[in-house]
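Same order as they appear, the protein sequences are chains E and F. Heads up: the first sequence begins at 1 in my numbering, then just goes up one per residue. Heads up: the second sequence begins at 1001 in my numbering, then just goes up one per residue.
By construction, these hints were calculated from the structure, which means they are not laboratory data.
Simulated pairs of lysine to any residue, SDA-like, Cα-Cα distance not exceeding 25 Å:
hint, chain 1, residue 1, chain 2, residue 2
1, E, LYS185, E, ARG137
2, F, LYS1030, F, VAL1172
3, E, LYS136, F, PHE1312
4, F, LYS1111, E, MET71
5, E, LYS136, F, PRO1197
6, F, LYS1111, E, GLY109
7, F, LYS1302, E, VAL139
8, E, LYS163, F, ARG1199
From the derived model, a few chain E residues whose C-beta atoms are all more than 12 Å from chain F:
hint, residue
9, ASP18
10, SER21
11, MET22
12, ASN36
13, SER55
14, GLY122
15, GLY173
16, LYS185
17, GLU193
18, PHE208
19, ALA224
20, GLY226
21, ARG232
These numbers were taken from a predicted model, which means no experiment stands behind them. A virtual CB, placed ideally from N, CA and C, is assigned to each residue, including glycine.
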Amino acid sequence: MLEIKNLVKAFGGLRATDDVSMTFETGSLTAIIGPNGAGKSTFFNLITGALTPNSGSIVLDREELVGLSQMQIVRRGIGRAFQIASIFPSLTVEETLLGAAAADSGQSGSLLGRFPAEGTRGEAERVARMLGLWSKRNVPASNLSHGDQKLLDIALALMLRPKVLLLDEPTAGMGPEERWQMIEKVRQLWELEKITVVFIEHDMDIVFKVAPSIRVLCYGRLLAQGTPDEIRSNPAVIEAYLGTAHGEEAA
Amino acid sequence: MPKLSVRTELLVAFAALAVLAMLPAFTSSKALVDFVIRAAAFGLFATSLNLLVGYGGMVSFGHGLFFGLGAYSFGLLMQRTGLPIPVAFALTLVISALSGLVIGAICVRLKEIYFAFVTLAFQMLLHSLIVSWVPLTGGDQGLLGGIPRPTFFGVNLANHIHLYMTSAVLLVVGLLLMRQIAQSPFGYTLRMIRDNPGRTSFLGVNVFRTKLTAFVLAGVFASAGGTIMSLFVSSAYPDFAYWTMSGEAIFIIMLGGTSTFLGPMVGTVVLLLLNDVVTRITPHYGLVLGIVILLFALGLRKGITDFIVEWFDDRRTARITAADAEEGAR
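So that you can see chain E by itself, here it is in the shape it has in the complex:
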């Protein structure tokens, strides 16, 4: 279980994360929504240690994460994929995953023996197959489609066997059809891996259809949380964000 309590991050006078508390149950799938500048990415950066909070606590399975380095937090089981796919352009899909597997098994500095490192092939193949990248295993990452690059980014995070996977806009920059395919992959991996998945998403249709649980951020504060139905009918959310009661009218 990932518990966030009274988290605050201020940039000068701007409180990008303002006293946010929320809990992600183990094995849950949660969407985070909110208008631009709501502090969604900052929130992820705080959890992964890319930013240090001014105050508050982040506890993963009873272990405090605030104060740990990014690397330590990764090792504790927080995985992350980026808004703009962060991959290795000249390596093939398979090399990328095998390289991550070597890092995960502590063999990334090994000068003896050949790449791939011992005992890393199985996991790389499993993750690549799950995300539909296995047939493209010999393609250099730079030649992949935009969607596949984002999948590779997620695959990279999965190679470290995270307990919690944070996805920053997995469907950013995609066409409508591609978006649904992507989010379906995310839902599948959530079911198969039985890990906690939290994703940021702008497409309300996707959010309301896929996420059993939704959190709304607005001006750095947690505005509302609940099931899609609860969020859809929440007056504060409607006023701040949705504009109209979503579903009654195509917003």
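Got chain E; can you put chain F on it based on the hints?
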């Protein structure tokens, strides 16, 4: 790139060594023997630089430091201590590794251009030290009096053929070891850092330690090249540690290509040939070399082996596309 098995690589290395070993039996040309010795020295030097540039994305302008350090350390050890050659050679490598550790610890954290210039600064520091510390180094004159070459294990490096064989063995063994480094999990981690250091660190890799290790290893192999050079000329000169030496190595890997393991070796042979041919024809060696550099840097933007690899890749892609089209037609 096709991945060769370790056994294939060893086979290729052994075949190359066999050819080199038989060469003196077929020709009495001293120029050819000399050529191979120089190619061994520069080949190790350039290939080690490519570990940094091609695999690690660290463009060092000061790699000649290790070439010069190797030549002077070995030369001075032989002149002043009377140690057997293998021991002096091993000590030379240790000295280079320790220097690489200290210099690397300062440099590898720096980004591109800063890394390039601080490595260059360290090299110029060594060069000034060599030029000004006359009692030890002989200053401008280089190490005076020749490097003693006592026989060890029946190998007499004062003998031209013995030196030739030793250089060939050092070259092949050095290339095999660097190939192992490039193909190890470490080598792939290095490629990942070159492509995306931020993400690599996010995977839990210690980026600093990986880069530092690469810097030290590259320095060690470069100093082995310097040692061969000092044995060849039986001395060491400040030029070995001058910035033009680093420039030469950069030119070699640009010429040969940075994307293949043997690119720098091809570049070495081509540059040495160019050197030997051009200096015979015209005194304006620098001018010709400059034009060739411009041609590669501006015109082709790739090295020789990069073209060969691309040609193979294109052919393979064409084959796959053709097969796909055929399947689609069915």
